[in-house]
Each structure stands twice: as structure tokens, then as C-alpha cells.
Amino acid sequence: MSGKIERSIEELYLEDPERADARIFGRKAGTNRRGFLESAGLAAVGAAVGGAIPFSQNMPAGLIPAAFAQDKGAAPAPAAAPAAPKGPIHLDFPGKDKGLVVIGEKPLVAETPEHLLNDDTTPIDKFYIRNNGQIPDEAKDPDKWVIKIDGEVNKPFEITLGELKSKYKAQTLRMVLECGGNGRSFFTPRASGNQWTNGGAGCAEWTGVRLADVLKAAGVKPSGIYTAHYAADVHLSGDPNRPTLSRGVRIAKAMEPESMIVWGMNGKPLPNIHGGPVRLLIPGWAGSASQKWLTRISIRDKEHDGPGMTGTSYRLAIKPMVPGDKADPKNFRILESMPVRSIITAPANGAKLAAGTRDVALRGASWAGDLSVQRVDISIDYGQSWQAAKLEKPKNKFDWQRWTATLKLPSDGYFEIWSRATDSKGKMQPHVAPNWNPSGYGGNPFHRIAVLVG
Amino acid sequence: MTAIRKGRAAVAARLLVLAMTTSALSLPPGAASAQQTFTPREEEPEEFPDAPGREETFYFCTACHNFKLVAQQGMSRPRWDGTLDFMTERHGMPKLEGKDRDVILDYLEQAFPETTATPGWQNPFLKR
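Chains as they are written, first to last, in my numbering: chain A, 613 to 1066; chain B, -8 to 119.
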């Protein structure tokens, strides 16, 4: 206990953002809680960032300038600790891009930094990884993989992947797959779970059959109202009788033409790490509904109650709760459609642009769970003014919508660029992660990047 | 002092046994090869904030998952307490009671307290 713990800027900001402003930079917020009152503070921040901060009068108090923000990493270590990795740990996994950032190693979870989502179709090597349990061995004979359909059906059956491919009509759709916890790291106080930024999402071409066709072949009884999904991955404890995760969806969602059993990703056999040889793809809803290594779909006569369905898992508060308070499980409903989100995919957060640069071409993506995106707006002045981006149409339902915009910067210096999408029902991304819940679902604030000109 | 240290060592030993019982379960024959494509980085307790109960907590939690999962959280004691229940109910963690539970809760509360700012903002400008 003799080791003196050194305090980083981030820690100070974590504890008390306004006090940190005052201690580090002598910066004090005005009565409207925005802006710098003391020019010396501003100069100090500017000097540390390495440039002037245009629009600084709009910078909310307690906001760590993007350029200071520490890389998310291991918790602060005592000075004498062994070398804990500093900054993000980059993924080292066969066939995956080394730019992916490891959120956890056991279970293996890795997200895709926003700037690596710049492709219209997310390549397999850049697609995020989310596991709940152990990674299974790769199937030796994929076509012999068996999926069982049972429960509230007239004709339960087992079918091999080979038979599935030959008996049903295949389709290929480009659709977003997004972790239910995407954006969790934007909640305050911190919500529990993997601290995703916006990188728990990707948009790939999925090939498979309609889940509806398979369920119709089994004949869902009128009593069948919910699906229950099971898989081959083993729980981290090694207990073979404990499902790693078993979620489900309302029958109506399962019967949508885009809900699929898939074996192909971007024209290739579905890789093992993404749930191959066969998984579910329930677009627009939390990724956990899209069971990897699918072995069984059981139709139930009530809302499924498998691991991941109850308590506050993949659920939102019905009556808004005080952030950080103890949750009453009775006050929670299942998270279904994911919320609207936009990301800036170019330039990258932290890009340095040549002195004199005034025109900046932006690229990005946006999506909105079950809905579509009706507009994306961009701000370079901390949300005081917004300009519309040029928004593309989706290829098919549940595809993301790419967008572009050209910005005019007024000067050299440090700029933050914010993006805000609006869904087809008029809901916009908020400034902060909304509706705090203990496990942090629905965190979809504006995407924010910083660039330095000159 | 010695008594306290002895007590602590005893708690650690008990927790280790609990943890090992759990991890022994996790290695049916051939399971090791399942992870061939990815080997999790070896973590050490010393990487994490120093406070009483660090070793006990580290070895107890890492029987199943990496400690980074713990270290990226920041919660009040009641929420940590609820998390231990969740781990038992949802993930089959051996139930922690009495002094064992206190040791671990004390560490979690001190090392990873509730935070009031968002962790989710990064900037590569700092990598210089």
C-alpha cells in the first residue's frame, strides 16, 4: 500500500470534470456552464492541444478536449506496477485487421474504430467480434452441422446445413449487425458491461434462407409466440449444461423476410469467429438475438427466459431511473429495435490536416434499427449550427445508409466535428447517452471526432 | 497485524480453491485446443490498482473471465454487490458470502468506484 498512485488527466476529469478544469487549466465555466471565462485557461488548453481552439466559447465545462482524452485501457496502475498495456490493445487474430481494438480477451470482444467502417460493405477482417463464451473449434464438415427446430410447432425436425442450403430459397442482403451494448461507454455514471464506443457494429452481405420459411415448414402453432435460440459455444465456466447465451424474439420479428439463418458473409463461408458455419441474423435488434453457432430454435408459448433475457440484460427502464440507482427488474422491458446512430468514418478521429486546409470531405454511415434514417446533420461548432449531409438510400431494408458532406472550416486550429442522424420517425441522436440503465443499452449520442488543422 | 495478514491469506487460499474448482470444470479434455486461434494475454494482479483484496479478487474473477472486464467497470458498492449476485445467478459463480464477499467488495469498491464522466472518448493526438 506504499505505492503512490499517480493521477492522470483522465482520472481527474472522471472524478470531477469542472474541478479538473480548474486545477489543470485554471478554466472556469460561466454561469451557463459553458465556455471559458479566463483566457489564461484557454491559452493553457490551447497550448497543450497544440493549436487554437475555435468555438471554445461553446465548449461545455468539464468536457475533456478530445485531444487530451486518454486512450481507454486498463485501470490506472500504481507507479511500480509491471508493464500494463497502455492505450488500446490491438487485436491479433488470424484473418482480422490489427486496427480492431480488444475490449476483452476472455471472452474475446473487439470493436472496430469508426474510421475502419469507411467501406460501403464492412469487410470480414474489419467486422467486430463479440463472444459470450469460449470460441468453439471450427466445424470440420459444415454441411453436416445439425439445427433442431422444436417447441410449439406441429412438425419438429432436425435439418443439416447441407439440407438447409438445398431445400430452401437462398437470399443475400446487406444488413447491419450491431451489438446491443454499442455506445455503452457514453453513459454516466458508467454502465456495466463491455465499454463499446460506436464500434460494435458492421454492415455485411449475409447469405442464407428466410427463418420464416424454416419455421413455416415446422408449422408454428397458434400458441407459439416467441423464439428461443441455442448454440454450440461453451460457457466460460466450462459447465456444459449452462447455455452461454440464449435469447429470442417475438414471432412477428422472426417471420420478417429479412430475418435469416445465414451461412455466408460477403460471399465467403461464414467464418467460425462470426458464428460459422451457421448463425441467425435478426437485423435491427441487439446482435445477441442473432445467435452464433446455431444448433436449435425452440418455439415458446411465452416470452423466452433464457440467459440474457431477464433482469436488466438487453432491457431498458420503463419508468426513467436516476442514473446509478439500484434497478428494479420489474421496471424493465426488452430492448427490441436498436436506436438511430451515425458515425463519421473519414477523416479519422485525431486527423492532422495541413495548415490552410479549409475544405474537409466527410464520409460516414448511419442506421436506425428497424427504421431507416431520414437525415444526417453535421456540426463544427459544438452543436450551435448544423448542416445537412448528403444521405444515400439503403440497398435493402436494414442496410446502413452511407453519407457524405463537405465542411468549410473558418481557420486553422482544433475542431470537433459532430454528426447527428434522425430516424424515419423523427427521433434524433441526443447529445448525451439517454435513459440511463445499469447495463447501458441505447447509448447513441452524437458521434464526435477531433481534427487539428495546421 | 499478523493475525490480519493470516486471516487475509486464509481468505485468499479459500477463494483460490473456489476459483480453481470453477476453472477445473472449464477444461474438459481437448478444450484447450478450442482456443488455438486466440490466446488471451496473460494478466497479472499487479497491473491493477493496489488495494487490499487485489489478489483475492483477481484470482476469483479470472477463473472464468479476464480481469480487464472487471477493470473497465466503475460502480458504487451496491451495484458491485448486485453484480456479484448476477454472476452467481446468471453465470454460476460460486456464491460469495460473509468475509469472502466483504474482501472482494472492499477491493472492487476501492479500485473501481463509480465514475461520473464518460469513458467513451478517445483521441489519437495523445499518442506521441
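Incorrect hints may have been included.
[What the hints assert, rightly or not] Keeping only pairs whose Cα atoms sit at most 20 Å apart, straight-line, the calculated SDA-like set for lysine to any residue is:
hint: 1; chain 1: A; residue 1: 698; chain 2: B; residue 2: 102
hint: 2; chain 1: B; residue 1: 86; chain 2: A; residue 2: 851
hint: 3; chain 1: A; residue 1: 828; chain 2: A; residue 2: 862
hint: 4; chain 1: A; residue 1: 738; chain 2: A; residue 2: 878
hint: 5; chain 1: A; residue 1: 698; chain 2: B; residue 2: 86
hint: 6; chain 1: A; residue 1: 938; chain 2: B; residue 2: 30
Think of the hints as simulated: they come from the structure by calculation, not from any bench. Everything numeric in this text was worked out from a predicted model, so none of it was measured.
Each hint, compared with the structure:
1. A:698 <-> B:102: holds, 18 Å
2. B:86 <-> A:851: Within the cut-off at roughly 16 Å; holds.
3. A:828 <-> A:862: holds, 15 Å
4. A:738 <-> A:878: holds, 12 Å
5. A:698 <-> B:86: violated, 34 Å
6. A:938 <-> B:30: Roughly 36 Å separates the two Cα atoms, so the pair is violated.
Hint compliance for this structure: hints 5, 6 are not met, and every other hint is.
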